[in-house]
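Chemist: Can you make the complete structure from the sequences, with help from the hints?
Chains as they are written, first to last, in the working numbering: chain A, 1 to 114; chain B, 1001 to 1115.
A hint or two may mislead.
To be verified - Pairs of lysine-lysine, BS3-like flavour, derived with a Cα cap of 30 Å:
{"#": "1", "chain 1": "A", "residue 1": "Lys106", "chain 2": "B", "residue 2": "Lys1083"}
{"#": "2", "chain 1": "B", "residue 1": "Lys1009", "chain 2": "B", "residue 2": "Lys1070"}
{"#": "3", "chain 1": "A", "residue 1": "Lys109", "chain 2": "B", "residue 2": "Lys1083"}
{"#": "4", "chain 1": "A", "residue 1": "Lys109", "chain 2": "A", "residue 2": "Lys69"}
{"#": "5", "chain 1": "A", "residue 1": "Lys106", "chain 2": "B", "residue 2": "Lys1014"}
{"#": "6", "chain 1": "B", "residue 1": "Lys1057", "chain 2": "A", "residue 2": "Lys106"}
{"#": "7", "chain 1": "B", "residue 1": "Lys1009", "chain 2": "A", "residue 2": "Lys109"}
{"#": "8", "chain 1": "A", "residue 1": "Lys49", "chain 2": "B", "residue 2": "Lys1057"}
{"#": "9", "chain 1": "B", "residue 1": "Lys1009", "chain 2": "B", "residue 2": "Lys1057"}
{"#": "10", "chain 1": "A", "residue 1": "Lys106", "chain 2": "A", "residue 2": "Lys58"}
{"#": "11", "chain 1": "B", "residue 1": "Lys1071", "chain 2": "B", "residue 2": "Lys1057"}
{"#": "12", "chain 1": "B", "residue 1": "Lys1009", "chain 2": "B", "residue 2": "Lys1071"}
{"#": "13", "chain 1": "A", "residue 1": "Lys49", "chain 2": "A", "residue 2": "Lys109"}
{"#": "14", "chain 1": "A", "residue 1": "Lys106", "chain 2": "B", "residue 2": "Lys1009"}
{"#": "15", "chain 1": "A", "residue 1": "Lys58", "chain 2": "A", "residue 2": "Lys109"}
{"#": "16", "chain 1": "A", "residue 1": "Lys49", "chain 2": "B", "residue 2": "Lys1071"}
{"#": "17", "chain 1": "B", "residue 1": "Lys1070", "chain 2": "B", "residue 2": "Lys1057"}
{"#": "18", "chain 1": "A", "residue 1": "Lys58", "chain 2": "A", "residue 2": "Lys113"}
{"#": "19", "chain 1": "A", "residue 1": "Lys49", "chain 2": "B", "residue 2": "Lys1083"}
{"#": "20", "chain 1": "B", "residue 1": "Lys1057", "chain 2": "B", "residue 2": "Lys1083"}
{"#": "21", "chain 1": "A", "residue 1": "Lys49", "chain 2": "A", "residue 2": "Lys69"}
{"#": "22", "chain 1": "B", "residue 1": "Lys1009", "chain 2": "B", "residue 2": "Lys1083"}
{"#": "23", "chain 1": "B", "residue 1": "Lys1014", "chain 2": "B", "residue 2": "Lys1057"}
{"#": "24", "chain 1": "A", "residue 1": "Lys69", "chain 2": "A", "residue 2": "Lys113"}
FYI, nobody ran anything at the bench for these hints, they're computed from the structure.
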Amino acid sequence: AQSVTQLDSQVPVFEEAPVELRCNYSSSVSVYLFWYVQYPNQGLQLLLKYLSGSTLVKGINGFEAEFNKSQTSFHLRKPSVHISDTAEYFCAVSRGGSQGNLIFGKGTKLSVKP
Amino acid sequence: DGGITQSPKYLFRKEGQNVTLSCEQNLNHDAMYWYRQDPGQGLRLIYYSQIVNDFQKGDIAEGYSVSREKKESFPLTVTSAQKNPTAFYLCASSIVGASFHSPLHFGNGTRLTVT
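Modeler: Right under this line is the structure:
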């Protein structure tokens, strides 16, 4: 069975500093991995996705993630954060079989301070 | 603009009452999903539907019911059998339900409070 672990529930960081949000997964089948962002009282928006090919995936708003099969990780990074990046971030893995839905981690709240 | 509309944004009910949450999409997506979000718990799948007149239970279907009479609509009923109904409910859709990598498009959610 697939599962996702987000290692940090909260990450405080100062504006213009780099940030890494950690995600580990377990899966017995080929994986498709996603990062979503949620701003307060809103739905989720797709940041980026890994389906195949290059292990470094670039997304919107300057975020990128690296798929590491040996470490079973898919960490999200940004070299310089802005106040507007304050939000909750969710890592997700696709389920196996015929289902096209996702299993989500518990989320990491990124708080960017001035 | 295409998107997913969830209504109402906030909903208050007394314990013991059934309540129906609306979800409408004009993206022409085949698959639709209902997730429940609780603080610190991430998102958990309640029900999903890959085609009209068909739906499957997710991980936490007990106390919930759905229907899919039209491609555009996937309402969720929270019944009195749901023991902890207070939560943030998110509806989502995707292009092809059987695809492993079709990203989800989300509505802005309904916050249900039951007292």
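Chemist: For every hint, state whether the structure bears it out.
Modeler: Going through the hints against the structure:
Distance check on the hinted pair: A:Lys106 and B:Lys1083 sit about 21 Å apart at the alpha-carbon level, within 30 Å; holds. For a cut-off of 30 Å, the pair hint linking B:Lys1009 to B:Lys1070 stands: about 22 Å separates their Cα positions. For the hint pairing A:Lys109 with B:Lys1083, the CA-to-CA distance comes to about 28 Å; that is within 30 Å, so the pair holds. Only pairs whose Cα atoms come within 30 Å are accepted, and A:Lys109 paired with A:Lys69 is accepted, the gap being roughly 25 Å.
Taking the CA atoms of A:Lys106 and B:Lys1014, the gap is about 29 Å. The hint holds against a cut of 30 Å. Under the criterion of a C-alpha separation no larger than 30 Å, the hint pairing B:Lys1057 with A:Lys106 is consistent with the structure, at around 21 Å. For the proposed pair B:Lys1009 and A:Lys109, the alpha carbon gap of about 22 Å is at most 30 Å, so the pair holds. Of the supplied pair hints, the one linking A:Lys49 and B:Lys1057 holds, its CA atoms being roughly 26 Å apart against a limit of 30 Å.
For the hint linking B:Lys1009 to B:Lys1057, the alpha-carbon distance of about 24 Å falls within 30 Å, and the restraint holds. Taking the CA atoms of A:Lys106 and A:Lys58, the gap is near 22 Å; set against the 30 Å cutoff, the hint holds. Simply put, B:Lys1071 and B:Lys1057 have alpha-carbon atoms about 18 Å apart, close enough for the 30 Å limit, and the pair holds. For a cut-off of 30 Å, the pair hint linking B:Lys1009 to B:Lys1071 stands: about 22 Å separates their Cα positions.
Under the criterion of a C-alpha separation no larger than 30 Å, the hint pairing A:Lys49 with A:Lys109 is consistent with the structure, at around 19 Å. The straight-line distance between the Cα atoms of A:Lys106 and B:Lys1009 is roughly 23 Å, inside the 30 Å bound, and the hint therefore holds. Simply put, A:Lys58 and A:Lys109 have alpha-carbon atoms about 21 Å apart, close enough for the 30 Å limit, and the pair holds. Between the alpha carbons of A:Lys49 and B:Lys1071 the distance comes to roughly 26 Å, so the proposed pair stays at or under 30 Å and holds.
Restraint check for B:Lys1070 and B:Lys1057: satisfied, since their Cα atoms lie roughly 18 Å apart, inside the 30 Å limit. For the hint pairing A:Lys58 with A:Lys113, the CA-to-CA distance comes to about 24 Å; that is within 30 Å, so the pair holds. Simply put, A:Lys49 and B:Lys1083 have alpha-carbon atoms about 35 Å apart, too far for the 30 Å limit, and the pair is violated. For the proposed pair B:Lys1057 and B:Lys1083, the alpha carbon gap of about 17 Å is at most 30 Å, so the pair holds.
Taking the CA atoms of A:Lys49 and A:Lys69, the gap is near 15 Å; set against the 30 Å cutoff, the hint holds. The straight-line distance between the Cα atoms of B:Lys1009 and B:Lys1083 is roughly 22 Å, inside the 30 Å bound, and the hint therefore holds. Between the alpha carbons of B:Lys1014 and B:Lys1057 the distance comes to roughly 26 Å, so the proposed pair stays at or under 30 Å and holds. Restraint check for A:Lys69 and A:Lys113: the C-alpha separation of about 33 Å exceeds 30 Å, so the hint is violated.
The structure fails hints 19 and 24 (numbered hints given earlier, in ascending order).
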